[in-house]
Amino acid sequence: MMRRSVLSILMFGLLVSLLGGVALADTPQQGGTMVVALRSDAINFDPPFIQDASTSGIAFQIFEHLIGREFDGSYGPRLAESWDISDDATVYTLYLRQGVKFHDGTDFNAAAAKSHFERVADPATGSHMGETYRQTIAEIETPDEYTIRFVLHEPNAAFIDEVIIQNTGYVSSPTAAERYGEDAAFNPVGTGAFKFVSWIPDTRVELVRNEEYWDGPPNIAGVTYRPIPEAATQLTELRTGRLHIMTTVPVEQMAVLENDPNIVMVGEPDFNTRYLVFNLANPLFQDVRVRQAMTYALDVEELVEIFLEGVAAPAKGPLPNYSYYHKDDVYTYPYDPDKALELLADAGWTPGADGLLRNEAGETFQFTLMSPSGRYTKDRELNEGVHYQLGELGFDVTLEVLEFATLVENLQTSNFDLGYIGMMQRTGDPTAHLDLMYATDGWANWGGYSNDAVDVLLSAGKRTGDMDERMEIYFEAQDLIAAEAPTIPIMNEFYLLAYRSEVKNFEFSVSRTSDYTKLWIEQ
Amino acid sequence: MQIDKANSTSDPLVQPTAAGVPAQATGKWISSHQTKLSDFWRRFRRNRTAVIGLVLIFLNLTIAVFAPLIAPYDPYEQNWRNRLTAPNSQHWFGTDEHGRDQLSRIVWGTRISLSIGLISVSIGLLGGGLLGLISGYFGGGIDNTIMRVMDVMMAFPGVLMAMALVAALGPGLYNVMIAVGVWSIPLFSRLVRGTVLGLKENEFISAARAIGCGNARIIFVHVLPNTIAPILVFTSLRMATALLSAAALSFLGLGAQPPQPDWGAMLSQGRAHIHSSPHLMWFPGLAIMVLVLSFNMLGDGLRDALDPRLKN
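In the order they appear, the protein sequences are chains A and B. Here the numbering used here is used: the first residue of the first sequence is 1, the next is one more, and so on. Here the numbering used here is used: the first residue of the second sequence is 1001, the next is one more, and so on.
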């Protein structure tokens, strides 16, 4: 009798504490300062001059863009609530949020925004983006207090990406810019969820929450950024609880972090493609059947699954999988060595007695595969796999592991056969990927691919303001490019980040930034 | 064709440079060939470490020659689903990150390591030996010129020079052999030159000259055979250094290119998995250690056996 009541009391206690725990986990706690590691110190907090990742990540908390990028790569409202794009993509009209104030009390309105963009464009300011802004924007109009209109020199459907969602597009207070002048580098004043407090170079940057933030103040009281260049030191500080967030996780350390119960590791999809590019100046690769065969010969899904251990997704088509414009059912090449051999036989290459592919003249299919080592996650390991699979099919392939700088030099001078290289952008917009990699005059078109139909589509896409119409154009371009296989897309790497388990409700934003307004720290 | 003896002996570089090498000891060696040889063999045999070194080298040579018969698997065959397995009954040394059998790779790697050692040391020996012979025998301006060039080469730290050479030639196994070989040239040339300078003063050289022998005959018939003892010792010790340097260069990614089963490269690739699969570093590391150690043991034994100063 006695025992039973003791047991029931215990059970009841357990139940209460469990429920309490659940309740606690659901209700965000207020306060606490979150400590975030930086790989390198900040440089200059004045938006016209922000170029580096560290400063950009901090500026994301202090400032806001007029328009933001959503997780899928589409656009979302920020300081602008809505916008209109003219059909020819030359006039962008943005309707701004009302009642927003900068941290120094200045009202945010169309005049403030205009003043900011004009300051970036002003040659006297000396911003690295000044030239781009001047070449893109013809005029900025303010029809009323909360409407701003950008009139462009020529149609540009990528305007939002190229001008607004840039570091230089973080809207800063015009009064602060005037008051501080060059000292604006140390006195950032924006509209964001956190206010700047202090910056002790090479030591720390401190932010405090903005109690008047238009979307409601954040849960945490503030953020402290500490520059810690050594990944190993970041790791130790994270594990000992002196850090809440570690921003760059070396893949080699993943196992250590995964086994630590106090640490949560997350991978954010990123707008990058790691791919193999054919040098089309090499007669061997001018036959589309050969390129297709080689694409069929590689088990890309297996390669990525085995060697990247979950930190990348197999690439599907020429555009990163997470781009808003990515065609999910794009023309692809599932692993099929038999089909590869068929295509090769059509192209005049058949395996001889020694297993090597030979043409009628008896020559082997000889070429070099160039890979960097340590530039991209598991690049050398992966290409040893590629080398093996192509060799198995009968290609007489040599693997050459090069310094990244040497590899790039070889690509630039067309001194390669098949090279492994990456493209990374902050945006998933096709102009930042396809235009560079597959347009005849694209600067990252290493293989010398040229297709008039693709060029026409890409330039049409850039000039089309209508999203649905653009989507159709880019879907067609992706299929066209994929069918010709000028590259073998391998994977889209994730951006890895680790944080302590007392940080709750952590969410990634896009482009390696994180929104700290909704998270909270369990105390 | 009188050689200016006074000049060459007053040369400050006459001092034998490789410590412990019996430069002046070889003079009498040729006179009682048979006794010397059996003397040497007796002394060598008594040195247990040297014998162990020799046996290990023979073992490695055998493995290298019969690699295809000894290796249980194809060293290049990848099996991704069977990667990073710990040593087990099927794969005695486990499998690497591509699922290749590590034992087979180490067996085949013996070939690479031994050929790097042999070829690079041969380059150093032939190049350096010839330069040293010419320099020591003729003396004067030729000697000065050759030795100053050697001095410049020796001014660079060895591995740094090898790295610079590989950077210029491009990464790869052959270039590493050349780089390590070139780096050995000044060392060999100094050693041989020192020995020749000592020999030159001997009566049998004067005698040879007196009966009308030409320079070439004196160099190759009378001088060269007498330099063999110090060269033998140095070559064996140099093999160890060459192996280690080549492994270091491969570790840095300058040497063997994937998928070649080079021990240094295997060590480097295993590094990423040191927490999860330490066997990927143990076995190549052990293989390098054993081979380097055996050459060092042999070299030490040879020196002891050939150095008459230790006699009595």
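Accuracy of the hints is not assured; some may be wrong.
Computed far set for chain B versus chain A, every beta-carbon distance over 12 Å [stated by the list, open to error]:
id, residue
1, ILE1070
2, GLU1097
3, ILE1142
4, ASN1202
5, LEU1254
6, TRP1282
Not everything, but these chain A residues come out facing chain B in the computed CB check (under 8 Å) [as the list claims (entries may be wrong)]:
id, residue
7, VAL256
8, ILE306
9, GLU381
10, GLY385
Just the calculated beta-carbon pair ranges, DEER-fashion [what the hints assert, rightly or not]:
id, chain 1, residue 1, chain 2, residue 2, range
11, B, ALA1168, A, PRO351, 37 to 45 Å
12, B, PHE1156, A, PRO227, 33 to 41 Å
13, B, VAL1221, A, PRO351, 33 to 41 Å
14, A, ASP452, B, LEU1069, 57 to 65 Å
15, A, PRO227, B, GLY1285, 20 to 28 Å
16, B, LEU1069, A, GLU392, 42 to 50 Å
17, A, PRO28, B, ALA1086, 43 to 51 Å
18, A, GLN366, B, PHE1204, 53 to 61 Å
19, B, SER1122, A, GLU392, 33 to 41 Å
20, A, THR368, B, ARG1271, 44 to 52 Å
Treat the hints as calculated values from the structure; they're not laboratory data. For each residue, glycine too, the CB sits at the ideal point set by N, CA and C.
Status of the hints after comparison with the structure:
1. ILE1070: holds, 23 Å
2. GLU1097: Non-interface label on B/GLU1097 violated, nearest chain A Cβ at 6 Å vs cutoff 12 Å.
3. ILE1142: holds, 40 Å
4. ASN1202: holds, 53 Å
5. LEU1254: Non-interface label on B/LEU1254 violated, nearest chain A Cβ at 10 Å vs cutoff 12 Å.
6. TRP1282: holds, 18 Å
7. VAL256: holds, 7 Å
8. ILE306: Holds - the Cβ of A/ILE306 comes within 8 Å of chain B, reaching about 5 Å at its closest.
9. GLU381: holds, 6 Å
10. GLY385: Holds: closest Cβ of chain B sits about 6 Å from A/GLY385, inside 8 Å.
11. B/ALA1168 <-> A/PRO351: 37 to 45 Å: With Cβ atoms ~39 Å apart, the hint holds.
12. B/PHE1156 <-> A/PRO227: 33 to 41 Å: holds, 37 Å
13. B/VAL1221 <-> A/PRO351: 33 to 41 Å: violated, 57 Å
14. A/ASP452 <-> B/LEU1069: 57 to 65 Å: holds, 59 Å
15. A/PRO227 <-> B/GLY1285: 20 to 28 Å: violated, 36 Å
16. B/LEU1069 <-> A/GLU392: 42 to 50 Å: Hint violated: Cβ distance 24 Å, outside 42 to 50 Å.
17. A/PRO28 <-> B/ALA1086: 43 to 51 Å: holds, 45 Å
18. A/GLN366 <-> B/PHE1204: 53 to 61 Å: Given range 53 to 61 Å: holds, Cβ gap about 58 Å.
19. B/SER1122 <-> A/GLU392: 33 to 41 Å: Since B/SER1122 and A/GLU392 have Cβ atoms about 36 Å apart, the given range 33 to 41 Å holds.
20. A/THR368 <-> B/ARG1271: 44 to 52 Å: violated, 26 Å
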